[in-house]
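A.B. asks: Chains as they are written, first to last, in the numbering used here: chain B, 1 to 350; chain R, 1 to 252.
Do not rely on the hints blindly, as some may be mistaken.
[Unchecked claim] A partial selection of chain B residues facing chain R, derived with a Cβ cut-off under 10 Å: (1) His2; (2) Ile13; (3) Thr179; (4) Arg245; (5) Gly292; (6) Arg296.
[Claimed, not checked] Chain R stretches covered by chain B per the calculated footprint, using a threshold of three residues with CB under 8 Å from any CB of chain B: (7) 63–75; (8) 125–136.
No lab work stands behind these hints: they were computed from the structure. All figures in this text were calculated on a predicted structure; none of them were measured in a lab. Yeah, the Cβ is synthetic: ideal placement off N, Cα and C, and Gly gets one too.
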Amino acid sequence: MHLEEGHLPEGYIRHLDAKRRWSAVAASAAFLALLASLCLGAVPVPPLEALRSLLGLGIDARWDRIVRQIRLPQALAALLAGTGLSLAGAVTQSTLRNPLASPFTLGISHAAAFGAAASVFFLPRSGGTPLFFRLYGTAAIALATSLVAAAAILALSRRRDSPPEGIVLCGIALGSLFTAATMLLQYFADDVQLATMVFWTFGDLARARWPELLFMAVAVALTTVYFLGRRWDLNTLLAGEETARSLGVSVTRVRLEAMFVACLVTAIVVSLVGVIGFVGIVCPHMARRFTGDDHRFLLPGAALTGALLLLLADTAARTLLLPRVLPVAIVTAFFGAPAFIWLLGRKACR
Amino acid sequence: MILDVEGLFFRYGSESVLDEVTFSARRGEVLMILGPNGAGKSTLLRCLDGLARPSRGVILLDGKALAAFDGPDLARSVGYVPQRPETAGLIAFDAVLLGRRPHFGRHPAEEDLRRVDAVFRTLAMEHLALRPLEAMSGGELQKVILARALAQEPSLLLLDEPTSSLDLKNQVEILSLLRRIARGHDMAVVASLHDLNQAFRFGDRFLFLKEGRIVEAMEDRSRLSAELVEEVYGLPVDVTRHGGLPVVIPRG
Numbered sequence: 001m002h003l004e005e006g007h008l009p010e011g012y013i014r015h016l017d018a019k020r021r022w023s024a025v026a027a028s029a030a031f032l033a034l035l036a037s038l039c040l041g042a043v044p045v046p047p048l049e050a051l052r053s054l055l056g057l058g059i060d061a062r063w064d065r066i067v068r069q070i071r072l073p074q075a076l077a078a079l080l081a082g083t084g085l086s087l088a089g090a091v092t093q094s095t096l097r098n099p100l101a102s103p104f105t106l107g108i109s110h111a112a113a114f115g116a117a118a119s120v121f122f123l124p125r126s127g128g129t130p131l132f133f134r135l136y137g138t139a140a141i142a143l144a145t146s147l148v149a150a151a152a153i154l155a156l157s158r159r160r161d162s163p164p165e166g167i168v169l170c171g172i173a174l175g176s177l178f179t180a181a182t183m184l185l186q187y188f189a190d191d192v193q194l195a196t197m198v199f200w201t202f203g204d205l206a207r208a209r210w211p212e213l214l215f216m217a218v219a220v221a222l223t224t225v226y227f228l229g230r231r232w233d234l235n236t237l238l239a240g241e242e243t244a245r246s247l248g249v250s251v252t253r254v255r256l257e258a259m260f261v262a263c264l265v266t267a268i269v270v271s272l273v274g275v276i277g278f279v280g281i282v283c284p285h286m287a288r289r290f291t292g293d294d295h296r297f298l299l300p301g302a303a304l305t306g307a308l309l310l311l312l313a314d315t316a317a318r319t320l321l322l323p324r325v326l327p328v329a330i331v332t333a334f335f336g337a338p339a340f341i342w343l344l345g346r347k348a349c350r
Numbered sequence: 001m002i003l004d005v006e007g008l009f010f011r012y013g014s015e016s017v018l019d020e021v022t023f024s025a026r027r028g029e030v031l032m033i034l035g036p037n038g039a040g041k042s043t044l045l046r047c048l049d050g051l052a053r054p055s056r057g058v059i060l061l062d063g064k065a066l067a068a069f070d071g072p073d074l075a076r077s078v079g080y081v082p083q084r085p086e087t088a089g090l091i092a093f094d095a096v097l098l099g100r101r102p103h104f105g106r107h108p109a110e111e112d113l114r115r116v117d118a119v120f121r122t123l124a125m126e127h128l129a130l131r132p133l134e135a136m137s138g139g140e141l142q143k144v145i146l147a148r149a150l151a152q153e154p155s156l157l158l159l160d161e162p163t164s165s166l167d168l169k170n171q172v173e174i175l176s177l178l179r180r181i182a183r184g185h186d187m188a189v190v191a192s193l194h195d196l197n198q199a200f201r202f203g204d205r206f207l208f209l210k211e212g213r214i215v216e217a218m219e220d221r222s223r224l225s226a227e228l229v230e231e232v233y234g235l236p237v238d239v240t241r242h243g244g245l246p247v248v249i250p251r252g
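Next up, chain B with everything else stripped away, as it sits in the complex (with noise of 0.2 Å):
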């Protein structure tokens, strides 16, 4: 082919500018919803203290505890958890190709919730678990249980009569049976280990504390550069696998890597606040009315959104029945439940 006498597309340039610029609104909207978040509570605290303190500027220790100590963490917690269920969202979608797929839908939120809830069951506890453990064995364990409800899809999805809503049958299956061992361990686990265990099956964000923070900060900045880096990869898969082989794309290992990693920060997210639902299938497409599903422009974007609306979510959980305090993930299920319908009512129309 000559191709030289090509010019530098002038239309396409500013496309690409426009598309960055919902990253940039987006971002400030959850730099907003942040410090909201820190000011409302049983406590208002104002607007200006509540950036001060987030800046480490706090004048006033009362406030400053309350903004630092208890409701920082917690909506670090909830941007780092929507940031990461999110992006394994987005990721899951492209890579079986099926607008319906998410940790939550396909089953694999439920099953990294059983491994987390049977590490209690079957490891001792000699007085007191150390931290190490808690935090990684729990996670280490949650992953194995989760390849195994992805491995499941990813060979049901191989077959190519499958269609989307086939493999979220399978992934409701999934659920109900990971969901059935967890029941089955809780019905043989002592008060102690009940207690914990129930934390895994409706997400909670007030208990992630700074190590656990830290873990799931570490994990999520991992992803989000893992899955930048395939951008291009994943593009290419948008085109079908065929087309995707023949530009040179090893699919099956793209695939597999990308599954692999979506189910790693998801173990790792149930492990430490517990299954929260619909982030992971709502949030992306929510992103892609706007970014469309160019990786460049879908990744920052769901993330985006994922941290902004979980943020929201927890926030309206912790102050809408005040002086009540709930676990986000019934808010969430609340508003994600019926744009899933929703969802799926848009795509029988097409």
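Position chain R against the provided structure of chain B, taking the given hints into account.
C.D. replies: Okay, now just chain R, sitting in the frame of chain B:
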């Protein structure tokens, strides 16, 4: 000589799909692969792009064995246009930019954008560049995936029934484009086609496949006979001439 295929066998289970297929394709020419459904046309094209692995036989690209190429290496030499284009939430320019994937490392350089722009100019489809694939007709989509394969700057272009979902005008447009590209860019084009009349109008050489075997490799379109078509397709036909081109008319 660019593509040499020798003694190609392909088995699917115990069933033989390709049976000792031997032929070659040259730069600057359009080779049409003809035959009924299930003759092995798609499998042959997939073997030529390394998407299917033949059980026996050799495929040489400019003298180098196909099996010796790695993924991106092969993608810089061979472009493949599948039968059914997939849509996604991408604009046409991004979809064509994917064709530069084997050329760029971590992300596309300005030069890649320029070359994609040149492809849009070559195909006279600049007006489609910023349109989402989801808002495109079948003909426009077919042009986009052809443009993607051209953006790879291959020396061998493979197309699996590129006109099967197009109306008459778009069929003629795509096929004459293929001929122009083969000539103007010194590329070898290998396409499978169902419409014999269009194949003979736009092709240079013709390969008739039946049940995985080559029935006839034709260099000269004037040698097309009713008997050959009947043998390959199992359908009685008349062959007449119109403006120097053979025209196949089914009987009955």
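A.B. asks: None of the hints should be skipped; say for each whether it holds.
C.D. replies: Hint-by-hint comparison with the structure:
Interface hint status for His2 (chain B): upheld, as the beta-carbon distance to the closest one in chain R is roughly 6 Å, under 10 Å. Annotation: interface hint on Ile13 (chain B) holds; nearest CB of chain R at approximately 8 Å, less than 10 Å. Contact between Thr179 (chain B) and chain R, as hinted, is not supported at the beta carbon level, the nearest pair being about 33 Å apart and thus beyond 10 Å. Proximity of Arg245 (chain B) to chain R holds as hinted, the smallest CB-CB distance being about 6 Å (cut-off 10 Å).
The closest approach between the C-beta of Gly292 (chain B) and any C-beta of chain R is roughly 4 Å, which is under the 10 Å cut-off, so the hint is satisfied. Checking Arg296 (chain B) against chain R: minimum C-beta separation of about 8 Å stays under 10 Å; hint holds. Counting residues of the segment 63–75 of chain R whose CB falls under 8 Å from any CB of chain B gives 6; the rule of at least 3 is met. Given as covered by chain B, the segment 125–136 of chain R passes the check, having 3 residues with a CB less than 8 Å from a CB of that chain where 3 are the minimum.
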